[in-house]
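Taken in sequence, the protein lines are chains A and B. For the first sequence, the working numbering begins at 246 and goes up steadily by one. For the second sequence, the working numbering begins at 6 and goes up steadily by one.
Do not rely on the hints blindly, as some may be mistaken.
[Unchecked claim] Here chain B is said to cover these stretches of chain A; the calculated rule only asks that three of the stretch's residues, wherever they fall, bring their Cβ under 8 Å from a Cβ of chain B:
id: 1; region: 422–431
id: 2; region: 583–594
id: 3; region: 822–836
Note that these hints are calculated values from the structure, not bench results. All figures in this text were calculated on a predicted structure; none of them were measured in a lab. We put the CB at the ideal spot given by N, CA and C, even for glycine.
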Amino acid sequence: MATPKGGNFGKVLEIDLSKQTFKTRPVSDEILQQYIGGRGLGAYYAVTEYKQGKNALDEDAFVFVGPGPLSGTMAVSHRTCFAHKSPYTGLMTHAETGAHLASEIKFAGWDGLYIKGRARKPIWLSIVNDKVEFKDASKMWGKTTDESHEMMVKEMKDPEIRTAVIGPAGENGVPFACIIVERFRAAARSGTGMVFGDKKLKGFAVRGTKYAVPVADNAKFLAAARVNKEANMQGEAWEGIKKWGTGGLMELKHFLHGSLVVKNYQTTWFPDIVKIGGEEAMRTFWKRHAACTNCPTHCLKLGVIRGGKYSGLVAEGPEYESGGLLGSNLGMTKFDEMIALIEACDAYGLDNISTGGVLAFATEAMEKGALKPTDLDGLKPKWNDGDTYMEMIRKIAYQEGKAGKLMAKGVRKMSKEIGKGSEAYANHVKGKELAAHDPRGDKIRAYSYTMGTCGGDHHEGQGPQALGMTAMADSLCICSFTNFLVYGAGTDKIITDMLNPLCGWNWKTEDYWTTAKRIMTTERVFNVREGISSKDDRLPIRMYKEKLPAGPRKDVIFTDADQKDMETKTYGFFGWDEKGIPTEASLKAYGLDYLIPDVNAAKKKYNL
Amino acid sequence: MEEKKLPDVLEKETTRRAFLRGTATAAGSALAITAIGGIAPKKAEAQYSVQGVPGTKPYAQKYRFAERQNCTGCRSCEFACSLFHTGNVRPALSRIYLAKYKDIVDVPVMCWHCDDTPCINACPTTPKAIQKDAKTNGIVLDPKICLGAKCMKCQEACPAKYIRGNADTGQPLICDLCGGDPQCVKACMEQAGNPQGPCLQGRPVGIGVNMAFRDVTPDQAGKDLANLLFYPNVEGKRVVPAKTKTKKGR
Numbered sequence: 246m247a248t249p250k251g252g253n254f255g256k257v258l259e260i261d262l263s264k265q266t267f268k269t270r271p272v273s274d275e276i277l278q279q280y281i282g283g284r285g286l287g288a289y290y291a292v293t294e295y296k297q298g299k300n301a302l303d304e305d306a307f308v309f310v311g312p313g314p315l316s317g318t319m320a321v322s323h324r325t326c327f328a329h330k331s332p333y334t335g336l337m338t339h340a341e342t343g344a345h346l347a348s349e350i351k352f353a354g355w356d357g358l359y360i361k362g363r364a365r366k367p368i369w370l371s372i373v374n375d376k377v378e379f380k381d382a383s384k385m386w387g388k389t390t391d392e393s394h395e396m397m398v399k400e401m402k403d404p405e406i407r408t409a410v411i412g413p414a415g416e417n418g419v420p421f422a423c424i425i426v427e428r429f430r431a432a433a434r435s436g437t438g439m440v441f442g443d444k445k446l447k448g449f450a451v452r453g454t455k456y457a458v459p460v461a462d463n464a465k466f467l468a469a470a471r472v473n474k475e476a477n478m479q480g481e482a483w484e485g486i487k488k489w490g491t492g493g494l495m496e497l498k499h500f501l502h503g504s505l506v507v508k509n510y511q512t513t514w515f516p517d518i519v520k521i522g523g524e525e526a527m528r529t530f531w532k533r534h535a536a537c538t539n540c541p542t543h544c545l546k547l548g549v550i551r552g553g554k555y556s557g558l559v560a561e562g563p564e565y566e567s568g569g570l571l572g573s574n575l576g577m578t579k580f581d582e583m584i585a586l587i588e589a590c591d592a593y594g595l596d597n598i599s600t601g602g603v604l605a606f607a608t609e610a611m612e613k614g615a616l617k618p619t620d621l622d623g624l625k626p627k628w629n630d631g632d633t634y635m636e637m638i639r640k641i642a643y644q645e646g647k648a649g650k651l652m653a654k655g656v657r658k659m660s661k662e663i664g665k666g667s668e669a670y671a672n673h674v675k676g677k678e679l680a681a682h683d684p685r686g687d688k689i690r691a692y693s694y695t696m697g698t699c700g701g702d703h704h705e706g707q708g709p710q711a712l713g714m715t716a717m718a719d720s721l722c723i724c725s726f727t728n729f730l731v732y733g734a735g736t737d738k739i740i741t742d743m744l745n746p747l748c749g750w751n752w753k754t755e756d757y758w759t760t761a762k763r764i765m766t767t768e769r770v771f772n773v774r775e776g777i778s779s780k781d782d783r784l785p786i787r788m789y790k791e792k793l794p795a796g797p798r799k800d801v802i803f804t805d806a807d808q809k810d811m812e813t814k815t816y817g818f819f820g821w822d823e824k825g826i827p828t829e830a831s832l833k834a835y836g837l838d839y840l841i842p843d844v845n846a847a848k849k850k851y852n853l
Numbered sequence: 006m007e008e009k010k011l012p013d014v015l016e017k018e019t020t021r022r023a024f025l026r027g028t029a030t031a032a033g034s035a036l037a038i039t040a041i042g043g044i045a046p047k048k049a050e051a052q053y054s055v056q057g058v059p060g061t062k063p064y065a066q067k068y069r070f071a072e073r074q075n076c077t078g079c080r081s082c083e084f085a086c087s088l089f090h091t092g093n094v095r096p097a098l099s100r101i102y103l104a105k106y107k108d109i110v111d112v113p114v115m116c117w118h119c120d121d122t123p124c125i126n127a128c129p130t131t132p133k134a135i136q137k138d139a140k141t142n143g144i145v146l147d148p149k150i151c152l153g154a155k156c157m158k159c160q161e162a163c164p165a166k167y168i169r170g171n172a173d174t175g176q177p178l179i180c181d182l183c184g185g186d187p188q189c190v191k192a193c194m195e196q197a198g199n200p201q202g203p204c205l206q207g208r209p210v211g212i213g214v215n216m217a218f219r220d221v222t223p224d225q226a227g228k229d230l231a232n233l234l235f236y237p238n239v240e241g242k243r244v245v246p247a248k249t250k251t252k253k254g255r
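Work the whole structure out from these sequences, hints included.
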């Protein structure tokens with residue numbers, strides 16, 4: 246077992262919440278070369294430690310919080326990955342977030358945090374370099390994410406600590422609850438908040454001052470990191486992201502691309518977008534640009550509402566996803582109300598995207614008569630009704646009353662429960678709500694929704710190669726805005742050039758692709774064990790049945806031919822068979838021989 | 006005395022122009038003296054021009070200035086600084102750092118290279134453990150003389166509350182301007198690229214750039230900035246949701 250020469254310390258901090266103990270879990274260079282870190286390493290732990298049908302909320306279920314080898318170096322790498330089995334979808338899942346958490350974990354001397362067990366009373370963790378403390382969180386329990394963050398800062402007496410906390414939604418077991426990092430960033434979409442809540446873990450705070458990331462060949466690495474950074478600083482398209490964040494896409498996707506989501510994916514045409522989009526935000530709302538660690542693309546926009554009902558509201562956004570799902574998808578035309586909905590979700594620790602999907606589904610179900618106000622405690626959601634939506638968000642977060650309990654189940658279970666033809670407009674993939682890109686207008690996004698590990702996620706890569714590159718980006722913990730979206734075809738070379746001198750590896754560009762395929766296939770095997778196959782890699786029914794009624798992509802539909810094409814290309818690229826099951830030959834090629842029995846057992850069990 | 010002279014001066018014909026010229030020269034020499042301590046090397050140390058515009062003449066960056074409202078909080082200054090001084094990226098040892106204020110603004114906390122040098126005046130050792138490099142205007146620490154954590158008189162004296170201790174040695178972390186080519190300015194110039202412009206800048210003179218801002222603690226600077234950007238919510242408090250309630254865990 247070789248210790249890493251650079252990039253990693255070879256130590257993961259293993260924390261047992263039940264016994265309130267911690268220890269160092271060594272990681273060998275061989276494993277790190279195969280699974281990198283973050284998402285890949287989390288998938289490796291899950292697939293080797295879990296048996297089929299493992300309950301994601303078991304006491305010994307883990308959450309792996311991983312930075313990557315490039316975090317805390319001169320390369321642009323600042324994402325933190327939360328990898329675990331999702332209690333929401335029952336599949337392998339990963340949630341990434343920005344901010345400064347990843348480098349702080351590295352400066353504290355760890356390659357990742359492996360958190361398992363369940364505390365008897367609410368606790369939170371403070372991790373300062375090698376020291377881990379289990380602190381009482383009974384006063385924090387029930388508090389919103391920003392209040393908890395503030396209490397942690399106060400107790401640690403250090404404003405520079407980096408925190409990750411859950412809100413009331415996670416505590417109350419909402420399956421799409423998220424983790425909020427440093428107040429404004431979220432690791433969402435995979436129910437990590439619910440797992441934390443189940444573990445009675447309010448959150449953790451990290452401060453690292455003692456260590457620097459070791460580098461095998463400093464001069465060579467710095468030169469390579471320089472190439473990486475310059476590509477980021479010079480990318481012309483990213484001037485847009487710098488100026489507008491992703492919020493500027495709202496108008497663009499509406500007017501030009503025809504893939505904005507409107508009123509539960511009924512259409513993509515919503516001229517009122519000008520009242521809630523990036524331009525309105527630029528004119529009246531945004532006051533400050535903020536960046537993650539060492540990143541030239543400062544995509545986070547902070548603003549304040551001046552005047553009106555929500556005067557003084559300081560918030561982040563709208564981003565394309567939050568503004569799409571809690572704005573146009575709910576037919577919102579009032580900017581401040583939309584921002585208030587986004588901010589409420591962040592405060593309660595709810596995933597903006599899934600919450601928006603649930604609210605829109607409930608509204609359409611009410612419109613079509615599948616739901617009655619009595620089902621929702623007398624609430625009668627209508628498009629553009631900010632106050633009712635605000636109340637619904639609160640009910641979801643606290644699972645309050647009949648309405649809260651119903652809506653906290655998510656779209657898939659809701660539509661199953663209410664029936665009455667609501668499956669036709671229940672928009673989810675593998676049980677997870679879609680993000681703000683209509684796959685009829687943005688057909689290549691369907692790869693991400695259907696073929697990605699998590700299901701329903703917009704951020705898994707558009708196209709077979711991009712799926713692989715995203716797997717690498719999430720394992721290296723690099724943001725896609727500073728990675729393959731900038732480099733394009735040169736990504737493999739830029740990344741390999743950085744990794745070799747950093748970690749003392751001897752990679753060729755082919756190794757980049759083998760690793761990408763290995764990580765994707767590992768996750769796929771995990772999901773195949775849970776019963777996933779090509780029958781699940783499908784978009785919601787609406788995308789195949791209803792033509793877009795208006796907009797730049799009027800009359801477009803996602804056809805069966807599109808579906809077939811997507812399956813052939815993806816399965817072919819990763820070496821999976823026509824049912825989406827990794828073949829024995831490709832498992833061997835990726836060095837995943839140990840998973841062959843699992844795949845064969847799953848094939849037999851599910852008749853594939 | 007001056008009042009007596011005044012009529013004489015006014016009687017002269019070209020008085021106004023001469024007066025202006027005279028003032029300019031006087032101010033110029035005063036500037037030169039304050040700014041560069043009497044030595045004005047012709048060759049500029051910095052290889053990077055202040056405006057970041059190609060083709061502009063680079064000049065010595067003896068003082069720094071921060072457009073605080075432009076800071077994106079990316080910490081590239083910390084990364085560049087610690088890399089230059091320690092060979093590794095380790096922001097805890099950076100000679101410039103960001104202070105968070107109420108999570109809504111970041112304040113770059115840095116050495117202003119004051120001409121009246123309160124930190125050096127406060128240094129109790131003989132010879133002084135910290136001294137100004139006459140050529141670059143950077144403050145250089147002699148680790149052999151410095152008393153370290155038990156002293157920190159410089160930290161107390163710093164009007165900007167900038168100086169912090171080295172986590173390893175206990176000695177103060179003070180800015181030496183990287184020998185005349187401050188890496189933090191370079192990093193910020195390159196990548197901040199805010200629509201309004203970058204935050205850190207290097208200047209050949211200190212007058213007008215450091216006096217108004219240096220006597221402000223990081224906390225006060227954060228307050229100022231929050232007031233400037235986020236009025237009326239200068240504390241950055243969350244307004245929504247109004248209703249939260251405590252519920253016991255499952």
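Against the structure, the hints:
1. Counting residues of the region 422–431 of chain A whose CB lies closer than 8 Å to any CB of chain B gives 3, which reaches the minimum of 3, so the coverage claim holds.
2. Here the region 583–594 of chain A counts 5 residues with a CB under 8 Å from a CB of chain B, which clears the bar of 3, and the coverage holds.
3. Judged by the Cβ-Cβ criterion of 8 Å, the region 822–836 of chain A is not covered by chain B as claimed, because only 0 of its residues qualify and three are needed.
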